[in-house]
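Fit chain L to the supplied structure of chain Y, relying on the hints for placement.
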Amino acid sequence: MDKPSQPDTGSSAGNNVLPLNGPTRLRFWGVRGSIPSPGWQTARYGGNTSCVEVRTDGQIIVLDAGSGIRPLGLELAREFGQRPLAVTLLITHTHWDHIQGFPFFVPAYQSQNSVTILGYEGARHGLEETLSGQMESPYFPIGLKEMPGNIMFRELKDLNFSIGNLQVQAAYTNHPGVCVGYRLQTHDGVVTFVPDNEHFERLRAQPGKGLCSSAEAIEYARSRDQRIAEFVSGSDILIMDSQYDENEYSSHIGWGHSCADDTVNLAIRAGVKHLFMFHHDPAHDDAKIRAMEKHARELARSAGSRMRVEAAREGREVILDGGKVRFVRAIRGGKERELTRRDNA
Amino acid sequence: MSRVKTLVLVDEDLEQRSLVADWMTQEGWRVLVADDGERGLELAFQNRPELIVCDLLMPRCNGFQLCRMVRKNPNLCDFTRIIVTTGGGYPTDRANAIEAGADECLVKPLNRNHLIKCVRQLLGDSDTTRRMRVEKELPDLRDSLPPFPPVIPLEQAPFLRFWGVRGSIPTPGPSTLKYGGNTACIEVRADGQIIILDAGTGIAPLGALLNKEFESRPLCATILISHTHWDHIQGFPFFEPAYKPENLVRIIGFKGAQEGLRSTLSSQMESPYFPISMSELPGNIAIVEMRDLKFSIGAVRVEATYLNHPGLCIGYRLNTSAGSVAYLPDNEPYQRFKYHIGNPGQATTPEAIEYARRQDQRIVDFIQGVDVLVIDSQYDSIEYKSRIGWGHGCVDDVVALALSAKVKKLFLFHHDPRHDDAHIDSMVEWARSFTRTLGEDLEVAAAQEGLMVSLAPARAPV
Numbered sequence: 001m002d003k004p005s006q007p008d009t010g011s012s013a014g015n016n017v018l019p020l021n022g023p024t025r026l027r028f029w030g031v032r033g034s035i036p037s038p039g040w041q042t043a044r045y046g047g048n049t050s051c052v053e054v055r056t057d058g059q060i061i062v063l064d065a066g067s068g069i070r071p072l073g074l075e076l077a078r079e080f081g082q083r084p085l086a087v088t089l090l091i092t093h094t095h096w097d098h099i100q101g102f103p104f105f106v107p108a109y110q111s112q113n114s115v116t117i118l119g120y121e122g123a124r125h126g127l128e129e130t131l132s133g134q135m136e137s138p139y140f141p142i143g144l145k146e147m148p149g150n151i152m153f154r155e156l157k158d159l160n161f162s163i164g165n166l167q168v169q170a171a172y173t174n175h176p177g178v179c180v181g182y183r184l185q186t187h188d189g190v191v192t193f194v195p196d197n198e199h200f201e202r203l204r205a206q207p208g209k210g211l212c213s214s215a216e217a218i219e220y221a222r223s224r225d226q227r228i229a230e231f232v233s234g235s236d237i238l239i240m241d242s243q244y245d246e247n248e249y250s251s252h253i254g255w256g257h258s259c260a261d262d263t264v265n266l267a268i269r270a271g272v273k274h275l276f277m278f279h280h281d282p283a284h285d286d287a288k289i290r291a292m293e294k295h296a297r298e299l300a301r302s303a304g305s306r307m308r309v310e311a312a313r314e315g316r317e318v319i320l321d322g323g324k325v326r327f328v329r330a331i332r333g334g335k336e337r338e339l340t341r342r343d344n345a
Numbered sequence: 001m002s003r004v005k006t007l008v009l010v011d012e013d014l015e016q017r018s019l020v021a022d023w024m025t026q027e028g029w030r031v032l033v034a035d036d037g038e039r040g041l042e043l044a045f046q047n048r049p050e051l052i053v054c055d056l057l058m059p060r061c062n063g064f065q066l067c068r069m070v071r072k073n074p075n076l077c078d079f080t081r082i083i084v085t086t087g088g089g090y091p092t093d094r095a096n097a098i099e100a101g102a103d104e105c106l107v108k109p110l111n112r113n114h115l116i117k118c119v120r121q122l123l124g125d126s127d128t129t130r131r132m133r134v135e136k137e138l139p140d141l142r143d144s145l146p147p148f149p150p151v152i153p154l155e156q157a158p159f160l161r162f163w164g165v166r167g168s169i170p171t172p173g174p175s176t177l178k179y180g181g182n183t184a185c186i187e188v189r190a191d192g193q194i195i196i197l198d199a200g201t202g203i204a205p206l207g208a209l210l211n212k213e214f215e216s217r218p219l220c221a222t223i224l225i226s227h228t229h230w231d232h233i234q235g236f237p238f239f240e241p242a243y244k245p246e247n248l249v250r251i252i253g254f255k256g257a258q259e260g261l262r263s264t265l266s267s268q269m270e271s272p273y274f275p276i277s278m279s280e281l282p283g284n285i286a287i288v289e290m291r292d293l294k295f296s297i298g299a300v301r302v303e304a305t306y307l308n309h310p311g312l313c314i315g316y317r318l319n320t321s322a323g324s325v326a327y328l329p330d331n332e333p334y335q336r337f338k339y340h341i342g343n344p345g346q347a348t349t350p351e352a353i354e355y356a357r358r359q360d361q362r363i364v365d366f367i368q369g370v371d372v373l374v375i376d377s378q379y380d381s382i383e384y385k386s387r388i389g390w391g392h393g394c395v396d397d398v399v400a401l402a403l404s405a406k407v408k409k410l411f412l413f414h415h416d417p418r419h420d421d422a423h424i425d426s427m428v429e430w431a432r433s434f435t436r437t438l439g440e441d442l443e444v445a446a447a448q449e450g451l452m453v454s455l456a457p458a459r460a461p462v
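If you read the protein sequences in the order shown, they are chains Y and L.
Sequential numbering from 1 applies to the first sequence in the numbering used here.
Sequential numbering from 1 applies to the second sequence in the numbering used here.
Same shape as in the complex, but just chain Y (with noise of 0.2 Å):
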């Protein structure tokens, strides 16, 4: 179908800034939905919002723009000094807690760097209006225009695109406005992120909310589920939204979020080895995630299923190389030692 193409970057998007051979390296920024949430309650998976740097195939990549990339550009800052560093930002979608950190990216205000912003146009408005809109007076001080970076914005077309050697490939999921899963097809491994889906049969299947549920209603739902699940099928690391407990779920239908046990689920039967819950609910404190990701456990595994399962957590780093997943921690002096099962716990 869709050929892969190159998006007409013609900037330094697709220089690469890393070597080429190096594992895959993933760190999560901000793992949490809707709105930061600072505070002794989520200190461990932490209160930022939707952000996860990539590094692959000789690039940087960034998985959306929430509060969590304010600490990895002054992290990128700190590591790359003067030395010009050339990023890509691939936005899933501009509500609040996708963007709002971009004004806040020292990176974008050094003149040496480049930073290239990929995502699809919206409901609304361009990406690049809604961007700068968030800047404009009533809102922020500074505009878009005054930052020194070279800042490029690409609205993507196809769904399947490339950055330099890394084929991407994008997939719309159900969610209010136009929202995109992004599925990144590394040297090491496919990771996929899927930030915000709600699961369209459980949508369905829940009677008084003005849509149809018949059973024509609900086998249409399954195959759009299906897609998704095709979608993420085989993904050496998935990180995909699973921000409500069932409970919570039946007062939040139409919210365009899905519950952990759907995603759980669709995770299994596509095949994933490494599930990342993500875009955890305000609300919900350590213990809560931690309650959450014991369940999602004990699901796969009464599944039978060897999936492995955890709640995101920033700061936290993963290592996918040649499809094996390990964690690391950074200590000083660059070195780094894998985590064990007891740091996990």
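The set of hints was computed from the structure by calculation and includes no laboratory data.
In this text, all values refer to a predicted model and were calculated from it rather than measured experimentally.
Fair warning: there could be bad hints in the mix.
Stated by the list, open to error - Anything over 12 Å on all C-beta distances counts as not near chain Y; from chain L, calculated:
no. : residue
1   : Asp22
2   : Arg60
3   : Leu154
4   : Arg161
5   : Phe295
6   : Arg418
Said to hold, decoys possible - Between beta-carbon pairs, the in silico distance windows are:
no. : chain 1 : residue 1 : chain 2 : residue 2 : range
7   : L       : Val4      : Y       : His187    : 38 to 44 Å
8   : L       : Ser381    : Y       : Leu74     : 19 to 25 Å
9   : Y       : Ser111    : L       : Gly124    : 42 to 48 Å
Stated by the list, open to error - Here are the simulated DMTMM-like cross-link-like pairs (lysine to aspartate or glutamate), alpha carbons at most 25 Å apart as the crow flies:
no. : chain 1 : residue 1 : chain 2 : residue 2
10  : L       : Lys178    : L       : Glu383
11  : L       : Lys408    : L       : Glu240
12  : Y       : Lys157    : L       : Glu303
13  : Y       : Lys145    : L       : Asp416
14  : L       : Lys212    : Y       : Glu201
15  : L       : Lys244    : Y       : Glu201
16  : L       : Lys408    : L       : Glu429
17  : L       : Lys212    : Y       : Asp245
18  : L       : Lys108    : Y       : Asp281
19  : Y       : Lys157    : L       : Glu38
20  : L       : Lys108    : L       : Glu187
21  : Y       : Lys157    : L       : Glu12
22  : Y       : Lys294    : Y       : Glu216
23  : Y       : Lys157    : L       : Glu15
24  : L       : Lys409    : L       : Asp441
25  : L       : Lys244    : L       : Glu213
26  : Y       : Lys273    : Y       : Asp261
27  : L       : Lys244    : Y       : Asp285
28  : L       : Lys212    : Y       : Asp286
29  : L       : Lys178    : Y       : Asp286
30  : L       : Lys406    : L       : Glu187
31  : Y       : Lys157    : L       : Glu42
32  : L       : Lys108    : L       : Asp22
Where is the CB? At the ideal position from N, CA and C, for every residue including glycine.
Okay, now just chain L, sitting in the frame of chain Y:
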């Protein structure tokens, strides 16, 4: 039937596409199909169809884009009807599709009778009906200023509580646990009123607590907005009491530099940014744009003044029966700003210097003798040197200002997102030693999330 009508049918989903194609062919239509948005547009431009049926989410040009392109084309804009179809059925998607130029939005899977009825209705319409319907669907917001009855017992001990103390952007994480990472929000309870200063992210946990406290009892709260930079309004969509119809939430502020308060607040809840729009909130929300700089909330007398900050920013002084509170969340002292060498707006003439001095004196008069002053002290004096003109104050200036206005208790506020707890501790230490050196007894502390300050000076702290 004069001539055969043409339908351009655009959908990636083969099954739905062939169903609709069959139905419409049986109805006597010429049906042209496309499986992506770009091809669909091409067919529309070439064939000038009476009707386009397209999905919202398609490769190479989504349904919203397609609607906009058709409405921009002079040949099609008043001629072609568009029915968009969506799998999700979200109300905002419907509203946005209609705003983008669709005539109708149907939820998939489509029903034959329903679709045909809808097509007949649309093609019988005159050209003006679409515009009329769009107008009808625009939100109807209430404007009147309601009375201010007391909502908490008058004998409840008055207090002030910090819910968000951070400036610029929320900063979760282990390094900000002591002072807190939420953006600007302060709760003041006095004289039977609940007054909330600004709606940064701190208003989200405040809302959760109010919901718990009031349960099903109706709640009235007044939110005073200093200005509409993100860190002062971003929590509002997450203020739970606004979603309960029995509550009354009044938002008071002043007209911004470019747009009215209502349009600025509601556009943060517009669909590119937020899934629920302001008009969908069931709570009774009244937005009041003030003109007078003096007004009352029940027995609390409020004074407002303009601060020195980009755009338009207001400071508030609440005079309650239990003492006074002044809130100046974003402010850069004028004289500092104007004396700075190399600053484009640098004051060089004696008149300009005198003007800057008078502006600062106005702030001194405004906060004169307050019991509690909460004020922007984002930077230390070294940091400030490289941030002159950014609209924020430094700790040294703030202490000097508080001393000259005979303030009793000073809270440093609008903490820089880069400042960790240890740095804020050191700024407080510096401010205290500065005060001691001058031989004054001003009480200084850093605003801290969760901290409650009693407003009855005679009584013990709550």
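Comparing the hints with the structure gives:
no. : hint                               : result
1   : Asp22                              : holds, 16 Å
2   : Arg60                              : violated, 5 Å
3   : Leu154                             : holds, 32 Å
4   : Arg161                             : holds, 15 Å
5   : Phe295                             : holds, 23 Å
6   : Arg418                             : violated, 8 Å
7   : L:Val4 with Y:His187: 38 to 44 Å   : violated, 55 Å
8   : L:Ser381 with Y:Leu74: 19 to 25 Å  : holds, 23 Å
9   : Y:Ser111 with L:Gly124: 42 to 48 Å : violated, 59 Å
10  : L:Lys178 with L:Glu383             : holds, 22 Å
11  : L:Lys408 with L:Glu240             : violated, 34 Å
12  : Y:Lys157 with L:Glu303             : violated, 53 Å
13  : Y:Lys145 with L:Asp416             : holds, 24 Å
14  : L:Lys212 with Y:Glu201             : violated, 33 Å
15  : L:Lys244 with Y:Glu201             : violated, 29 Å
16  : L:Lys408 with L:Glu429             : holds, 17 Å
17  : L:Lys212 with Y:Asp245             : holds, 21 Å
18  : L:Lys108 with Y:Asp281             : violated, 29 Å
19  : Y:Lys157 with L:Glu38              : holds, 9 Å
20  : L:Lys108 with L:Glu187             : violated, 46 Å
21  : Y:Lys157 with L:Glu12              : holds, 14 Å
22  : Y:Lys294 with Y:Glu216             : violated, 35 Å
23  : Y:Lys157 with L:Glu15              : holds, 23 Å
24  : L:Lys409 with L:Asp441             : holds, 9 Å
25  : L:Lys244 with L:Glu213             : holds, 14 Å
26  : Y:Lys273 with Y:Asp261             : holds, 17 Å
27  : L:Lys244 with Y:Asp285             : holds, 24 Å
28  : L:Lys212 with Y:Asp286             : holds, 21 Å
29  : L:Lys178 with Y:Asp286             : holds, 18 Å
30  : L:Lys406 with L:Glu187             : holds, 24 Å
31  : Y:Lys157 with L:Glu42              : holds, 15 Å
32  : L:Lys108 with L:Asp22              : holds, 16 Å
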